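Got chain A sorted already, so can you dock chain B onto it with the hints?
First to last, the protein sequences are chains A and B.
Take any residue in the first sequence, note its place counting from 1, add 6, and you have its number in my numbering.
Take any residue in the second sequence, note its place counting from 1, add 551, and you have its number in my numbering.
It should be emphasised that the hints constitute simulated quantities derived from the structure, not laboratory data.
Quantities reported herein were computed from a predicted structural model and do not represent experimental measurements.
Even for Gly, the Cβ is constructed at its ideal location relative to N, Cα and C.
Hints may contain errors.
As the list claims (entries may be wrong) - If you want a taste of the chain B side facing chain A, the calculated C-beta under 10 Å gives, among others:
id, residue
1, Phe-1241
2, Gly-1301
3, Leu-1305
What the hints assert, rightly or not - Simulated DEER-style distance windows between Cβ atoms:
id, chain 1, residue 1, chain 2, residue 2, range
4, B, Phe-980, A, Gln-98, 33 to 43 Å
5, B, Gln-1274, A, Ile-35, 43 to 53 Å
6, B, Gly-1240, A, Val-107, 25 to 35 Å
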Amino acid sequence: MTDTEDKAKADQTELLSFRVGTQEYAVDIMTVREIRGWTNATPLPHAPPFVRGVINLRGTVLTIVDLSDRLGMGPIEFSERNVIIVVEAGSQLVGLLVDAVSDILTVSAEDLQPPPEMLTEGPRTFVSALTIVQERMVRILDLDAALPATEIEAA
Amino acid sequence: MSTENDPMAEIRATFFIECEELLEALQDGLQAMEEGGTDDETINIVFRAVHSIKGGAGAFGLEDLVRFAHRFESVLDAARSHQLEIDGEALSILFRAGDTLNDLVSAARDGEAADPALTEEAGKALDALIGADAPDGDGAEEEEVADFTPMTLSLDLGPLDAGEGAEAGAQADALPAPGEAGASGGGMECMEGAPAPAGSGFRIRFRPHSALFASGNEPLHLLRLLDEMGTMTTLCHAEDLPPLGEMDCEESYLHWDIFLETTEEENAIRELFDFVEDVCDLTISPLTEDDMAELVRHAEAIARDEVSPGGTAGDGALMAGDAPGSSGEVASGKPEAEGSPPPSAQKTRKAGGRSVGCGRNEGGSKAAGRGKASGAVKAKPTVRVDLERIDRLVNLVGELVINQAMISQSVEKAGLLTNPEIDSGLSEFMQLTRDIQDSVMMIRAQPVKSLFQRMARIVRESAAAVGKNVRLRTEGEGTEVDKTVIENLADPLTHMIRNAVDHGLEPPEERMAAGKPAQGVVTLSAGHRSGRVVITVSDDGSGINRERVRQIAIDKGLIAENAELSDNEIDNLLFLPGFSTASEVSDLSGRGVGMDVVRSAIQALSGRITIHSRPGEGTTFTISLPLTLAVLDGMVVEAAGQTLVVPLNTISETLTLGARDIRVLGPETRMVQIRDTFVQLFDLGAEMGFRPPLESFTGKVVLLVALEDESRAALVIDGIVDQRQVVIKGLQDTFGRVPGVAAATILGDGKIALILDPADIVANSRHKAPNMQADLSLAG
Chain A
7 MTDTEDKAKA DQTELLSFRV GTQEYAVDIM TVREIRGWTN ATPLPHAPPF
57 VRGVINLRGT VLTIVDLSDR LGMGPIEFSE RNVIIVVEAG SQLVGLLVDA
107 VSDILTVSAE DLQPPPEMLT EGPRTFVSAL TIVQERMVRI LDLDAALPAT
157 EIEAA
Chain B
552 MSTENDPMAE IRATFFIECE ELLEALQDGL QAMEEGGTDD ETINIVFRAV
602 HSIKGGAGAF GLEDLVRFAH RFESVLDAAR SHQLEIDGEA LSILFRAGDT
652 LNDLVSAARD GEAADPALTE EAGKALDALI GADAPDGDGA EEEEVADFTP
702 MTLSLDLGPL DAGEGAEAGA QADALPAPGE AGASGGGMEC MEGAPAPAGS
752 GFRIRFRPHS ALFASGNEPL HLLRLLDEMG TMTTLCHAED LPPLGEMDCE
802 ESYLHWDIFL ETTEEENAIR ELFDFVEDVC DLTISPLTED DMAELVRHAE
852 AIARDEVSPG GTAGDGALMA GDAPGSSGEV ASGKPEAEGS PPPSAQKTRK
902 AGGRSVGCGR NEGGSKAAGR GKASGAVKAK PTVRVDLERI DRLVNLVGEL
952 VINQAMISQS VEKAGLLTNP EIDSGLSEFM QLTRDIQDSV MMIRAQPVKS
1002 LFQRMARIVR ESAAAVGKNV RLRTEGEGTE VDKTVIENLA DPLTHMIRNA
1052 VDHGLEPPEE RMAAGKPAQG VVTLSAGHRS GRVVITVSDD GSGINRERVR
1102 QIAIDKGLIA ENAELSDNEI DNLLFLPGFS TASEVSDLSG RGVGMDVVRS
1152 AIQALSGRIT IHSRPGEGTT FTISLPLTLA VLDGMVVEAA GQTLVVPLNT
1202 ISETLTLGAR DIRVLGPETR MVQIRDTFVQ LFDLGAEMGF RPPLESFTGK
1252 VVLLVALEDE SRAALVIDGI VDQRQVVIKG LQDTFGRVPG VAAATILGDG
1302 KIALILDPAD IVANSRHKAP NMQADLSLAG
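Isolated chain A, as found in the complex:
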């Protein structure tokens, strides 16, 4: 269904893991274009609250999504360590505002397990798979679902 899953099937996948609040998430490293420090975003009027606004990424307008807010954990707590992970999903670039980047993980397909049934039936969690790395649970983010554009169109 997603890039993450597809790649995972081909044996080993490299993931970029990052922290949102107290939880650890990851995305396929192939979708990551760059990581940059926090700069003030220009707010967009009448945008959903999880859209922090737009920033200038070398001449392009980049939308910033507060991943914490998007995942239903409230707006991110501001700190100097906050970073923006620029990911490419579909044809568009989006900046994910997260607390901090943690690690690059290599996992194989059999280490990934689907999220529990009860989660997929309830409110969306935007998690496509789970894996355990050094005793920590890492949630693999379903980028397509987490993107704001599709969400806005649906609304």
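Just chain B now, with coordinates in the frame of chain A:
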């Protein structure tokens, strides 16, 4: 051949680009004919366009296209030899054939198959035209022409693929050599005494208009080229020449009767005149016995009384370039059957005995080549460039503008502006940036003509579909608009034109009853107005039936039953989603997509659409668009701690609010008095959702903006920062439409600022409180 694949594809691409131009010329010609210009030149233009397409298509083996173009061409040929009278019905068939040809070209380009049934239908209609009128012999001759198609190609495409000459060269070599060397050699000598048998040449009457000279062409060259094609005898008619004192040096007074004995085809001769045929009167007819007799008479007249050499200016001009080698008789005699005024001087010129046998064929193609060269003087030289390259340039210039803003800002920050050299250097830099910007934008600009021509077809098709008689009138075809805008306008315009034909115009009976001509007119116009492009679509129909519009809106629950709406507001109901006035859904328009789709398409181009209707007189839709989608002049302002850009062209005035300027109306609405009008105030920070509404506006700055419907609104801001050119960055990619925001831009400090759409902000705000009147005039 396989290694030639690439250049071939390139030549092919060039051919299709050429086709587009030819189709455009074809449409122009047909349109001119529709407006009464059924003269030879116009028919020739159309003929030549079809012929060239056929020629090119033949070389690429586009069978369908060749076959249809050939049928088309046959009819045009009949028309140009006056065997076929072009009346209204014939014209509509020609128009349809033009559309079909267009379809076939597109189909060939995209490698698809065009609808054979439609093609056949149009083809049959064409055949029927000449089937009835054209003599049988004509068909046979045309077949022959078809066989010669490849030759036409090499001549037509020659200058295009100069770079890839190999292909074209091969084609040319393969040509059957028309005309056989030596065969007419004898004719040269016997010009005076024994004219060649009738039919082996042409009588050409050539009367240049003054425009021919104005466009840098020279009849003398043409005459020389003709001379190279065979044995030529020329009669110059100078009887129109006024006395020297009355002569206008830019007028054209002379015309020529040329008796040309040649083995060349008539087409070869026409080709010589390709580039001047719209600026001269040209008739070409096969040489008859009578012509020959006339020629002899002239020759005798010359012998009788030798007219003074250099009798007229025209004569002199002709002499000047002439090779005096030949017998060079000077004749005076009757010019034509009408022969009224005594000709002051005529001259019969005989071809020099050179260049007869060999190289005849070569001469022909050389002639065509030279013809092209002289034609190029007329049209400005152009370069075809990949759009991608231009876009790259546009982007780079955009970056330059941002960079320039950044430099200005940091220079200012460093406090260096006190240095006059830096200051003047910086403003020069700014000026240059702006000039480059403008020039680059001009490259992207295109006349709207091609768009309008597509619309002409829509009018024809939709008029036929609903059985109405409709004419499209276009104005301002030369108006230049950004290419992207043109491309994106096609759909909304198509929809509006269909609407105008289907809903706007009444059926013929109703029109007659209302005392209007049965033929409805849809007018499409374009022009520049105060820094924007304005395109209007209007019909002379019955206008909007406001009662019905109101009723439908009520029925559909779009407005409350007791809503008090002004005429303007009722008209604007048409733009509401899901509104359709057609009581029955017709095949043509009303497919569930309404004017709201048109409006959002226009808005996506940062444009605006307004409607204006008068009962019984018609409806006008006005689209106003920014000149470019890349840069705008903006006022940088601050509101609620945010930096925003307001397009400068929307701002008519700025002022600072004093406590006494503000009037309150109702619970929330605040107005400002500007001279003798009250204008509603909009709190920008609150409208954009940046902060709760302000308690007091006192001391705030107000931007007075003009809205499309002529009304005004006042935006309350914290302050004005700057006024500068900003590069437009679309938000569409990331977001779709953000209410009240047109686009974004990058400021000198690298931050993103939103470019506002004041009209949208006001509309959104009014939408929330619908029963609000913005502009109340004191004067009433």
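Hints and how they fare:
1. Phe-1241: Given a least distance of 7 Å, the restraint on Phe-1241(B) holds.
2. Gly-1301: Hint on Gly-1301(B): holds, closest Cβ of chain A at ~5 Å, below 10 Å.
3. Leu-1305: Holds - the Cβ of Leu-1305(B) comes within 10 Å of chain A, reaching about 7 Å at its closest.
4. Phe-980(B) to Gln-98(A): 33 to 43 Å: 34 Å, holds
5. Gln-1274(B) to Ile-35(A): 43 to 53 Å: 45 Å, holds
6. Gly-1240(B) to Val-107(A): 25 to 35 Å: Because 32 Å falls inside the window, the suggested range holds.
No hint from the list above goes unmet by this structure.
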